[in-house]
Every structure is written in structure tokens, then in C-alpha cells.
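Add chain B to chain A, keeping to what the hints say.
One line per chain: the protein sequences are A and B, in this order. Residue numbers for the first sequence, in our numbering: 2 to 218. Residue numbers for the second sequence, in our numbering: 26 to 139.
For the record, the hints were derived by calculation from the structure and aren't laboratory data. Think of the CB as a built atom: it goes at the ideal place given N, C-alpha and C, for glycine as much as any other residue. Errors might be hidden in some of the hints.
Claimed, not checked - Here are the computed lysine-lysine pairs in the PhoX-like style, where the Cα-Cα straight-line distance is at most 20 angstroms:
hint	chain 1	residue 1	chain 2	residue 2
1	A	LYS181	A	LYS99
2	A	LYS183	A	LYS106
3	A	LYS181	A	LYS106
4	A	LYS106	B	LYS52
5	A	LYS99	B	LYS52
6	A	LYS99	A	LYS183
Said to hold, decoys possible - Far from chain A, some chain B residues (derived; all Cβ distances over 10 angstroms):
hint	residue
7	SER47
8	ASN109
9	GLU135
10	TYR138
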Amino acid sequence: MSTVHAATESHGDHTEHAAEDPHFGKATGGKIAMWMFIAQDGMSFGGLLFAYGVLRAIATDWPVPADVLGIGLTAFATFLLICSSLTMVFAVLAAQEKNQANLVKYLSLTILGGVIFLGIQAYEYTHLVGEGVGFVNSSFQGEQLNSLFGTTFYAVTGFHGLHVLSGVIYLTCILVGAMKGKYTQGGDSGSPVELVGLFWHFVDLVWILVFTFVYLL
Amino acid sequence: MEDHSTASHDDGHGISEAHPKSAGQTKRQMYVTIFLILGFLTFLEIFVPDVYGAEWSGTTKMLLLCILAIVKAGLVAAYFMHLNHEAKWTRWIAYTPIYMGFAVIIIMLESLYR
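Extracted from the complex, chain A is given alone in its bound form (with noise of 0.2 angstroms):
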């Protein structure tokens, strides 16, 4: 049965397999805590989308987002974390295939994804707070906006930010320990570089429901 057969025999490492009970799933223990902090996480962040919603229906005075905010450049950035979320998942395809060489490859590319677009970001924080549109006041070429424009495009595009930031940092840990071989030891070794890959595609989802819902809406 497939499920005895996840309890892999592990060399004093208990940390990345399964029990052994056929009434237990397959899934590690790893993989059910990311599982679970993705789903709190995603609560965070769609408390803070209907917060948003909230406010932007019952405002008479909203801006249209594409008048203010660079559609274009965020669209290259949409895409740009679309292609690292592949070479995201091809690198947990390497670890799989114990291929040390292709698993360091594409975790650089997805760190340097991750990179580029918080440079993007970061530019187009400078040019919008450079238009006047802040965090606690918002105007655009001289004409003032609904100040929670800025408060609400800032703390929802931020807090995104912030785990883009995060998740660029963890994948920098799991890239060192790619690059000691650490996960291409078969069995259960590349486990850790799925679970990274939980939590930037979860980063990678989320940013496609907040250019939807705050760019293109």
C-alpha cells in the first residue's frame, strides 16, 4: 500500500516522513504546517482584499486605478513571478531527480524573479510617492485623490512586498543547501524544497488576485 510505502526507511532523520499508520495520509508533517500557514495566511490576506473591497464600494470619490498606477510595468511584473513560480517548480522537479546541477539553476532563476520584480515594485513606490500619492494622503498631478487610495494600494501591495521579501530570503537558505547537496539525496531529502515551493507559489497566487482586484478592477 502506497501509504507504508511513504514511511520511508530514514537513516535517524524523523523529520520529513510520514507515520506509519495506513489511516494517516501521505503527507509529511512538513507539508500539512505549510499547508496550514498558507491557509492563515491567506486569511490575512483576504481580510485585508475585503477591507479594501469595503472601502472602495462605499467611496463616491475612487480613482481609476490605471490613471494613476502603472498597469504595463505591473502587468511585466505579474508575468515575471508567473515564469519564477515555473522555475520554481521545475526546481522541485530537480530535487526529485536528485539533479544537484538543475536544482541550483532554476532556484537562482526564481530568486532572481523574486528580485527583479521587488525591484519593480520599489520603482514604482519611488515614482507614485513622487505624484504625491501617500500613505496618508494621496493626490495625482495636483489634483487630489480619496486618501485611502494610497492606504489601501500601500498596505496591500506592502504586506505582498513583504512576503516576496520573505520567501526570496528563504529560498536563499534552501539555494545553500542545494548548493551543499543537501536535497538531491533521493527519498524524502527534497522535501524542503517543495515546501519553499508551497509558500512561493502561495506568494505567486496571491499576487494575481491583488493585480486583478487593485490594478485592474
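Only chain B this time, still in chain A's reference frame:
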């Protein structure tokens, strides 16, 4: 005695190695397909408000964008996060934000009718 010359065209990469490679290749192709679909849906999303915005009403535009976003998010969750292969309970944990979303919507709607 071991005989390594049983396969006459064996150049060191036996048939047994081709299966893991082709399984990996199939997975890679699927991931690239999903990536291309995501790219296309992103492209559609950009042009829904711009090109067709003048013709479609605000509600239609909102619905279309929401559907596109949910489909994209679903694809990432199912294929990149491997949710379609996970056990039931893992999926139910992952759906928690959706349950809470419904709860929040109900609470918000209720408060609007006070």
C-alpha cells in the same frame, strides 16, 4: 557472472533510465502548458478593461476579471502546488480561506441590512 553486454545497443543508458526521464519530461511539458495558459489569461486580463471596457458594463467587466483571476489562481493551486494530487484533508485545509471568505461575505451582507 555479470554480463553487461546483454543489450547489444547499450551505450550505458539502458531502457530503465528512459522511464524516469520520460515521466519527468511529461511533467515538465504539463508545467510549461499551464504556464502558457497563465500567460495567455494574464494577457486577456490586461485587455478586458482597456480594449473592451468601453463596450462592456462595469458589472460585466468585474465578473470577467474575477473569473479570470479565480481560474488563474485555481490553475496555480492545482498544478503548481500539486493540490490535485494531494490527499483530501490537505485540500480541505487549503480551502480554508474560501470558507472564511464566505463567512466574511455573509457577515458583511448582514451588517448592511441593519
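Evaluated hints:
Between LYS181 of chain A and LYS99 of chain A the alpha-carbon distance is near 13 angstroms, which keeps this suggested pair within the 20 angstroms criterion. Taken as a hint, the LYS183 of chain A and LYS106 of chain A pair is honoured in the structure, with Cα atoms around 15 angstroms apart against an allowance of 20 angstroms. At most 20 angstroms may separate the alpha-carbon atoms for a hinted pair to count; LYS181 of chain A and LYS106 of chain A meet this at roughly 14 angstroms. The suggested pairing of LYS106 of chain A with LYS52 of chain B holds, with an alpha-carbon distance near 18 angstroms, which does not exceed 20 angstroms.
Proximity of LYS99 of chain A to LYS52 of chain B is assessed by CA-CA distance (about 16 angstroms); at most 20 angstroms being required, the pair is judged to hold. Between LYS99 of chain A and LYS183 of chain A the alpha-carbon distance is near 10 angstroms, which keeps this suggested pair within the 20 angstroms criterion. Every C-beta of chain A lies more than 10 angstroms from that of SER47 of chain B, the closest at about 12 angstroms, which supports listing it as non-interface. Once the 10 angstroms rule is applied to beta carbons, ASN109 of chain B is consistent with being away from chain A; the minimum gap is 13 angstroms.
Residue placement check: GLU135 of chain B keeps its beta carbon more than 10 angstroms from all beta carbons of chain A (closest about 13 angstroms). Non-interface status of TYR138 of chain B relative to chain A is upheld: no Cβ of that chain comes within 10 angstroms, the nearest being about 15 angstroms off.
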